[in-house]
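Q: Line order of the protein sequences matches chains A and B. Per the working numbering, residue 1 is the first one in the first sequence, and the count goes up by one each step. Per the working numbering, residue 1 is the first one in the second sequence, and the count goes up by one each step.
Be a bit skeptical, because a hint or two may be false.
Have a look at the derived ranges for each label pair, beta carbon to beta carbon [what the hints assert, rightly or not]: (1) A:Lys280 x B:Thr53: 47 to 57 Å; (2) B:Gly50 x A:Asp329: 46 to 56 Å; (3) A:Arg80 x B:Asp141: 14 to 24 Å; (4) B:Ser154 x A:Met85: 42 to 52 Å; (5) A:Ile334 x B:His52: 32 to 42 Å; (6) B:Ser121 x A:Leu259: 19 to 29 Å; (7) A:Arg80 x B:Glu191: 34 to 44 Å.
These aren't lab readings, by the way, just hints derived from the structure by calculation. Every residue gets a Cβ at the ideal spot worked out from N, C-alpha and C, and that includes glycine.
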Amino acid sequence: MSKTLVEKIWDAHVVKSETGFPDILYIDTHLIHEVTSPQAFDGLRKRGLPVFRPQQTVATADHNVPTIDQLLPIKEELSRYQVDMLTKNCAEFGIELYGLGHPFQGIVHVIGPELGITLPGKTMVCGDSHTSTHGAFGAIAFGIGTSQVEQVFATQCLLQQKPKTMKIEVNGTLGKGVSAKDIILYIISKISAAGGTGYFIEYAGSAIEALSMEARMTICNMSIEMGARGGLIAPDQITFDYIKGREFAPAGAEWDKSLAYWKTLYSDADAEFDSVLTFKAEDIAPMITYGTNPGMGMGIQENIPSTNSQPDKEQLSYQKALDYMGFEDDSSLIGKPVDYVFIGSCTNSRIEDLREVAEFVKGKQKAENVTVWIVPGSKQVEQQAKNEGLDRIFEQAGFQLREPGCSACLGMNEDKIPAGKYCVSTSNRNFEGRQGPDARTLLVSPLTAAAAAVTGKITDVREMLTKA
Amino acid sequence: MKKFEKLTSAIVPLNIENIDTDQIIPARFLKATTREGFGENLFRDWRYNGDHTLKPDFVLNDPAYSGQILVAGKNFGCGSSREHAAWAIQDAGFDVVISSFFADIFKGNALNNGLLPIQVSEDFLSAIYTAVGKNHKAQLDVDLEKQTVTIVDSGEKADFEINAYKKSCLINGYDDIDFILNQKHLIAAFEQAK
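All chains, please: the whole structure from these sequences, using the hints.
A: As structure tokens, then:
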């Protein structure tokens, strides 16, 4: 029988399927971090249980970590306590930890792929909704809550209903200055922040196939922002080339065996999806959000939609979002001054993102009114940026290259945007207060963020590319 | 896990769409390492001014409203996988959340903690708001066994869906871990066969 990619991977991991009950799904890899694990470890202690498969569990510290002077004790007491707790729990339960000071430390969704832990055909979970990132390799990867973290600790399995499947095809060629982040912001703006709820999304089509691995991760990362459980892309030669030679990737005979399996991982030509959507790459402009959920986005040259163009029942919430942002109906964002530019987060903190930004700003200066933070996704990305001399380019431009962590994506650490300030950000969420109480976030691609950094205002990066 | 069967209670109406987990419990309050105490920071930035004084126009601060049922607009709980959102709602005294649409992970987290998410139609949601507009203390009657929710004042009633397995977990106070631990022999066999 023909199957979608999700069905192939799912079926290969079902321990038990019984009518009237969710499937027992086997989890190959469990990624953990300091925020959503302490209560789960506590639960194990209360039940007197060990971690069932500690060798399939990988830990890092990312959400709470400072991005300056990382080797000094964390100043904020509760953050320090949570990170210390992770260290203690990992030692007690026999889990490998890439904590502060370790050369593999970084954002959990950046280190999995770069270490060769993330592989096609795997099931992977983490107590973080952006676990969908790992789907870029053709894996079933999704975020879970703390009770489920405890469940995976105890049994290496999860009770799960098989999700519905959606295919999103993007065909054609992206225009100049348009990147993966614009593709995903565009899709979310078209189908809304709830448009993918209940589905696993497979991204396909010529525009997706042409993307690098890191760009594919950006797409899958934000699947959760339209409510999807996860997103994935069938593995291909680009995937295999990326994985080969990484720290924990299969090697030798194991590589050949794995590769043979990975090549079977695609949706059969006649497989049926519960929903299929198609978009044209040529229709996508550099995107920007104007509201307080990722579905409130538009092409950068467009005007903010008016409140009375929204459905009646949604007008109150829509107006509340615009009020929070300090924006008005039908206005343009072009030329609007910005205060902060944040380039980082599990969406856009990889070496390609940093290279793209460096290439653009080389020989340019940041505008005086802007503070620019570049936060690499991992120690390895940071090191590579230095090896390639990107650190000097950033320094000359007046950008701060900081140390790896989630940073100003979610305001759990010291990197917060002050109340009322505008931050052009490559992160994934523009919720109220996401980057700090009353902070105002505009989501964009790294290139659009770089253009805002240089001009000090919201700018259509395409105009700067044409001039150069 | 706490058992749930029936509840009759007044409601707290929060007529806003797309309420995300960052509003339910902002990230800076996720630093606790236990499950308790999140209730005081539920909707923190909507409830309090920067100087920690209460915002009088926010419904949770309005003494006219109280109850164990939170009613909110569609796509409730979107955003993060943080279970702290469900803990905070429960810790603040709610046993039921009603919306016309829930985000997946939030719904799962709520069910895993004995907080019942009830999805109703847009029309029934409007009927609830209308009822509470007329009478702040209007009550809803929730019957999990029968899978119904009724507006006591008007008698308007709606059926709701719930997964049969999850329903039995809530009624019996079992959780997924109890269930899956009983199947551990199958898991080991699966690993062997792989």
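Q: Now tell me, hint by hint, if it's right for this structure.
A: Comparing the hints with the structure gives:
At roughly 51 Å, the beta carbons of Lys280 of chain A and Thr53 of chain B sit within the given window of 47 to 57 Å. Checked against the hint of 46 to 56 Å, the pair Gly50 of chain B and Asp329 of chain A fails, with Cβ atoms roughly 27 Å apart. A hinted range of 14 to 24 Å is violated for the C-beta pair Arg80 of chain A and Asp141 of chain B, which are about 48 Å apart. At roughly 50 Å, the beta carbons of Ser154 of chain B and Met85 of chain A sit within the given window of 42 to 52 Å.
Roughly 38 Å separates the CB atoms of Ile334 of chain A and His52 of chain B, a value that falls within the hinted 32 to 42 Å. Separation of Ser121 of chain B from Leu259 of chain A is about 50 Å and departs from the stated range, judged on CB atoms against 19 to 29 Å. Distance hint check for Arg80 of chain A and Glu191 of chain B: the Cβ-Cβ separation is about 38 Å, which falls inside the suggested range of 34 to 44 Å.
In this structure, the hints that do not hold are numbers 2, 3 and 6, in rising order.
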